[in-house]
Amino acid sequence: MHETMTRESPATSATTVLSFGEAINAALRQAMELDDSVFVYGIGADGGSGIFGSTTGLVDHFGPRRVFDTPIAEQALTAMALGAAVAGLRPVLVHQRFDFMLYAADPIANWIAPWRFISGGRAKVPLTLRVIVGKGWGQGPQHSKSLHTWFAHVPGLQVVMPASPADAKGLLLSSIFSDDPTLFIEGRALYAMREAVPDQPFFIKLGEALTRRSGEDITIATFGSMIPAALQAADQLSEDGIGAEVIDLRCLMPLDSKTVIDSVRKTRRLVAIEPGWRMYGAAAEIIASVVEVLGPKLRSAPRRVTWPHAYVGASPALEEKFYPTSTDVVAACRIAMDRTSAIS
Amino acid sequence: MQTSHSGTILSLYRMGRLIRRVEEILKDEYAQQQMRCPMHFCIGQEAGPAALAPLLQAEDYVVSHYRSHGYYLAKGAPLQAMICEFYGKASGANGGTAGSMELAHEDSRFFSGAIVGGPLAIAMGIAFALKYRNEAAIAVAVIGDGSLDEGVSYEALNLAALHGVPLLVICENNLYAAHTPAEKRTLSRSLIERAKPFGLPAVQLDGTDIAKLHSELRELVTEMRSSLSGPRFVEIETYRYCGHVGPEDDNWLGYRSVEEITAWRRRDPIVKARADARSCGIPEPVLLDLDEEIEREITAAIEKAKNDSFTRYDWSLDQVWSGTYAPVVGNFGSGSVGEFDSRQAETRLKPY
Numbered sequence: 001m002h003e004t005m006t007r008e009s010p011a012t013s014a015t016t017v018l019s020f021g022e023a024i025n026a027a028l029r030q031a032m033e034l035d036d037s038v039f040v041y042g043i044g045a046d047g048g049s050g051i052f053g054s055t056t057g058l059v060d061h062f063g064p065r066r067v068f069d070t071p072i073a074e075q076a077l078t079a080m081a082l083g084a085a086v087a088g089l090r091p092v093l094v095h096q097r098f099d100f101m102l103y104a105a106d107p108i109a110n111w112i113a114p115w116r117f118i119s120g121g122r123a124k125v126p127l128t129l130r131v132i133v134g135k136g137w138g139q140g141p142q143h144s145k146s147l148h149t150w151f152a153h154v155p156g157l158q159v160v161m162p163a164s165p166a167d168a169k170g171l172l173l174s175s176i177f178s179d180d181p182t183l184f185i186e187g188r189a190l191y192a193m194r195e196a197v198p199d200q201p202f203f204i205k206l207g208e209a210l211t212r213r214s215g216e217d218i219t220i221a222t223f224g225s226m227i228p229a230a231l232q233a234a235d236q237l238s239e240d241g242i243g244a245e246v247i248d249l250r251c252l253m254p255l256d257s258k259t260v261i262d263s264v265r266k267t268r269r270l271v272a273i274e275p276g277w278r279m280y281g282a283a284a285e286i287i288a289s290v291v292e293v294l295g296p297k298l299r300s301a302p303r304r305v306t307w308p309h310a311y312v313g314a315s316p317a318l319e320e321k322f323y324p325t326s327t328d329v330v331a332a333c334r335i336a337m338d339r340t341s342a343i344s
Numbered sequence: 345m346q347t348s349h350s351g352t353i354l355s356l357y358r359m360g361r362l363i364r365r366v367e368e369i370l371k372d373e374y375a376q377q378q379m380r381c382p383m384h385f386c387i388g389q390e391a392g393p394a395a396l397a398p399l400l401q402a403e404d405y406v407v408s409h410y411r412s413h414g415y416y417l418a419k420g421a422p423l424q425a426m427i428c429e430f431y432g433k434a435s436g437a438n439g440g441t442a443g444s445m446e447l448a449h450e451d452s453r454f455f456s457g458a459i460v461g462g463p464l465a466i467a468m469g470i471a472f473a474l475k476y477r478n479e480a481a482i483a484v485a486v487i488g489d490g491s492l493d494e495g496v497s498y499e500a501l502n503l504a505a506l507h508g509v510p511l512l513v514i515c516e517n518n519l520y521a522a523h524t525p526a527e528k529r530t531l532s533r534s535l536i537e538r539a540k541p542f543g544l545p546a547v548q549l550d551g552t553d554i555a556k557l558h559s560e561l562r563e564l565v566t567e568m569r570s571s572l573s574g575p576r577f578v579e580i581e582t583y584r585y586c587g588h589v590g591p592e593d594d595n596w597l598g599y600r601s602v603e604e605i606t607a608w609r610r611r612d613p614i615v616k617a618r619a620d621a622r623s624c625g626i627p628e629p630v631l632l633d634l635d636e637e638i639e640r641e642i643t644a645a646i647e648k649a650k651n652d653s654f655t656r657y658d659w660s661l662d663q664v665w666s667g668t669y670a671p672v673v674g675n676f677g678s679g680s681v682g683e684f685d686s687r688q689a690e691t692r693l694k695p696y
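Residue numbers (my numbering), protein chains in the order written: chain A, 1 to 344; chain B, 345 to 696.
Calculated from the structure, these hints are not laboratory results. Heads up, some of the hints might be wrong.
Unchecked claim - Among the chain A residues that face chain B by a calculated CB cut under 10 Å, a handful are:
{"hint": "1", "residue": "F68"}
{"hint": "2", "residue": "F100"}
{"hint": "3", "residue": "G134"}
{"hint": "4", "residue": "P228"}
Quick reminder that beta carbons are idealized off the backbone N, C-alpha and C, glycines included.
Construct the entire structure; sequences and hints are all you get.
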């Protein structure tokens, strides 16, 4: 891992195949090399397992001043990030599970998010909260929640959910060097996936979606850990001659609804997929933003593919059924394509 | 000619008197309903900010609880901008977005907020940054006794001590969390005994004698600056004369006795500071001139605040995000998008 990540590459276009976790590690390493004000902390940040490999080796390279372990004190640790950012640093705090970060709801929603507004637009709050969503091996109700919409709902926060290793690196670098506070949400399920990742630091403007696959017949809008299922579904649909356009929103806030609307203007059909709960969710927000503009022009009613509005039980039998797969996405797309679903 | 001692005594009196009169005059003005934000007056609690004021440097930070007006002035932030803020004017310290409860002045490194417990943890983070960059400045967290009922306070004290950061915790013990007395909140009677186990040296100081409090704080702050000896905890015994919030007296709630209030008023810090100034040889006419100057300064600031323009609504909506990045991203590539193979298996978790 270290060999591939530290490999010097003269050409800016050079890439190295990295896993999602290694790509995050590479982004942290480059951010810290570029700017001494970047530091990384959180429970186990300097430990042997390196938070699923994402911080492995950083303490050896940068020392305990810039990479350190912490007590289990999510609320103060998160407020600490705000203080450090107010004083000009660019902290990166890692919460190993979204569930644990709920202790930090007060500093996030009462202090960090409104800080710039309260300053009358004078303050900058350049902090990044990395947070990981567990999935599988019986993670259960207290280790698997993805509460991205709770935080996308609060004005002042950027909410980023990368889907691939290259995006994870680019989006994390952009989050760290953004002057606004960012919640960077990582799907644990994505960690082992690999992709060619540019060696050099690169920038992805937060709030710009990526069209991962073009198609003429139906738009699939999603983000984060549902991107692989969406792309697989598009492959299956193409075998039946259905062209699905897959849009990776990348960020829930700012939300690039324009890219989705432009796509649906062409396809006039929409399936929104969310790696999270259905009620009051991001899929609903995406559909609403499209329907408000294109409602009468749609060929069929937009559909959602989400988690059920329930908890995932800590058993393989329950987990297998709980999480949507490409099969569910294909099924939703087929309903949206069916003439009988057409809006009359 | 003033000695250095009488100069200090006079400056302490001036700050104490300024805070007292700002609060009293604002309290009277409040009835006109032109300041339409909840306001927590610090009348009676002036000793802490007045004693601390000469010890604070421009590079230091203060993060305060919501009874913050005194500490705002103590940090050297401008009176005019504070009063404009209360009137909701664009010329306010926060651009007219915050009113009293989240009063802040970015350039003066002063911040405050209305959620109990937050300021301590945020100031700890600021102090961490100061140590990280090896700066000589300190961060001051101003909290109340009620803050020590919040769990985050203990997380923050622990982290401050663990990292040895230059954090001065000023805990103003005014005996009540809003209207709830200590005996309804905890069996623990000593605030300083709650800080000590984390490794913070902690002292309890009298908040009715500004000059004495100043010399005690000066010794402590000087030591913090010179020895980089890590965080300190100071409890200031003090008392709020006015209601918890707003200009009205709230004694009708029956949460404290008239006798208690009278006893504290007999130990008034501003009366004591004025007597101290007289007894170290400052003539009465000098003090009267100073009092007059303070009255004029406050009255003029209120007059200007009333005449300034309100913050524009459309402008306020644009203050939520900066949308900017550090200059370094200008050197970044745009990042060619690789061919992401979606057929890869998800991570197979281990049982831990």
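Evaluation of the provided hints:
1. F68: This hint holds: F68 of chain A lies near chain B, its Cβ roughly 9 Å from the closest one there, short of 10 Å.
2. F100: violated (13 Å)
3. G134: Holds, about 8 Å.
4. P228: holds (4 Å)
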